[in-house]
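Q: As they're listed, the protein sequences go chains A and B.
Under our numbering, think of the first position of the first sequence as -3, with each following residue one higher.
Under our numbering, think of the first position of the second sequence as -3, with each following residue one higher.
Quick caveat, the hints were computed from the structure, so don't treat them as lab data.
Fair warning: there could be bad hints in the mix.
[Unchecked claim] The calculated label-pair distances, taken between Cβ atoms and stated as ranges, are: (1) B:P129 to A:P49: 24 to 32 Å; (2) B:G51 to A:S163: 22 to 30 Å; (3) B:D107 to A:G196: 19 to 27 Å; (4) A:E210 to B:P315: 52 to 60 Å.
[Unchecked claim] From the derived model, a few chain A residues whose C-beta atoms are all more than 10 Å from chain B: (5) V7; (6) A111; (7) R166; (8) G168; (9) G215.
Virtual Cβ for every residue (Gly too), placed ideally from N, Cα, C.
There are 2 protein chains.
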Amino acid sequence: MDARDERAAPVDWTGPTVGELGELVVLDRVTSRLPAGSPIVGPGDDCAVVAAPDGRFVVTTDMMVHGPDFRWAWSSPEDVGWKAAATNLSDVAAMGAVPSGLVVAIAAPQDTPVAVLEGIADGFRLAVDALAPGCGVVGGDLSTSSAFTLAVTAFGDLGGRAPVLRSGARAGDVVAVSGELGRAARGLSRLFRDGVDASGTPSAAATRASGADEDPDVGRQRRPVPPIADGPAAAAGGATAMLDLSDGLAIDAGRLARASGVTLTLSVHLDDVSLHGGEDHGLLATFPPDVALPGGFRAIGVVVPRGAADLVRGGVPVPTTGWDPYADWDGVAG
Amino acid sequence: MDARDERAAPVDWTGPTVGELGELVVLDRVTSRLPAGSPIVGPGDDCAVVAAPDGRFVVTTDMMVHGPDFRWAWSSPEDVGWKAAATNLSDVAAMGAVPSGLVVAIAAPQDTPVAVLEGIADGFRLAVDALAPGCGVVGGDLSTSSAFTLAVTAFGDLGGRAPVLRSGARAGDVVAVSGELGRAARGLSRLFRDGVDASGTPSAAATRASGADEDPDVGRQRRPVPPIADGPAAAAGGATAMLDLSDGLAIDAGRLARASGVTLTLSVHLDDVSLHGGEDHGLLATFPPDVALPGGFRAIGVVVPRGAADLVRGGVPVPTTGWDPYADWDGVAG
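Just chain A, same shape as in the assembly (with noise of 0.2 Å):
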């Protein structure tokens, strides 16, 4: 890693490395700083045993890498797990189910300092404790890499619900989100404006001084707070079908669409932000007409027969399009 003094504080980048430190202590050093959770056999044997009771499980997994995902100028390693959990807990919940266990893959660059890891374990927790008792980290791998990234695999118990689909919305049903909408993007918008330096490139340094480390969309964008327990109220309030906002309403809210055969119309002005901002990780999700909202959603529209367009607002077909790996990613790290 280069740059060292242009990372994210409070972490000493030039403390020991995992290259000189080995696997086995790095390992140690990590493993005690994880949430444990309770599973029937954890960290230490070839595989982890998790408690399945409802004789189903529901399962996530999610990559994020250094460059496409985060920028080490912009997250802090706290945030980074933070993240990671928090995202694929959102994926549990958007199922119905309660999140049971997660399972965490690092490949560190050897020159990675070890507090690198333990902040990014102590992100794990602070996200698990505050998102999800209970659940904890009941595995993982460390391997090494040129490129920082995380694969972290996440799990959930049903509880004897029928798991909650993109493909159950019908028409007459009622469109509603929990959680918030635009400002993770917000917060990326102003680190992008804020955060760099003059030629563009990430800079915690110019983060800092311009105050973005204390506008709280910018806190939203690092440390995502999706509304877990709204996924298992859903689903026992009746929901028709449900996902993760993780890409933006608009284009979320399409995949949902097509999945049921439907069109969903908004009955609510949003502004284009929350319409089309990624990262929030709240949940869209369709009820029957006649049942009371659970948790934290409210109606935001109405589900119409299959029309010419996924979403229409004031009879205007909004564009569903978003974020493509492969084709946007710039090729900086940063």
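Starting from the known structure of chain A, arrange chain B on it as the hints suggest.
A: Showing chain B alone in chain A's frame:
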């Protein structure tokens, strides 16, 4: 990627890339080649849903990174997919479980030909069909990175049996192995000797010209054949401890000995490569002295009370050291 003509046949390294085609096209072309298995809910929602009839499931995760873990000059994409599946299925078997599903996250450089991802998917299908028929890839994630990376998570069902841990060996037990010893390591040695150009760089052309492609040991390095069915058979047959032989018999025997608080004594002669060569992914297990060894297990020693060493042969301690990815990778990809 550079030096495309140096990569293993039969991939067309000049075909359309993932960056040119975009995520949706790539996802569609890859998913259709993967083994589907029979999940309750498969790819396409925020999570897959997998049956866990036992009320518990086992889970393992492992990352494979271009450079430290594989070289395109030596392994075709099919080989890489096969190995990623086989190594994770082996960890499931080593708990005594039957594989029930896999999720696969892949991060590929934007100039990776889509044929590489298709080949990896084919490798997963071939491995699952050969080693764990009926198991499937139930979900995944596609991302981008400067370093080609696979992260595989595998699950299994214990079928009502207790998981077989590393810690259960008792003095008097028989030490037994199933699967091959040393073949993958002999194959890797052959590649490092004959599969390099004049500067020592891995070279597909040199590998081909030397005849190493026809060496069965090279085949085993590329596509290990772990005895998956012997894992559940060992559990049903009374195994007291078990693990997957990933880093070599000696180092893995040391792990089992320390976890169980015993010493393992070898009663048969094993050459150095059988003792210290990794990546065969056989199974090391201990059984009570009065049981018939199941499946392909054969006795290689006995468990004795904890002495000064983890592993002893003819009264002499056997070193139980091995590969450390942080300390040992030379930083070369190829």
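Q: None of the hints should be skipped; say for each whether it holds.
A: Now for the hints, and whether the structure bears them out:
| no. | hint | result |
| --- | --- | --- |
| 1 | B:P129 to A:P49: 24 to 32 Å | holds (28 Å) |
| 2 | B:G51 to A:S163: 22 to 30 Å | holds (28 Å) |
| 3 | B:D107 to A:G196: 19 to 27 Å | holds (23 Å) |
| 4 | A:E210 to B:P315: 52 to 60 Å | holds (55 Å) |
| 5 | V7 | holds (18 Å) |
| 6 | A111 | holds (15 Å) |
| 7 | R166 | holds (17 Å) |
| 8 | G168 | holds (22 Å) |
| 9 | G215 | holds (24 Å) |
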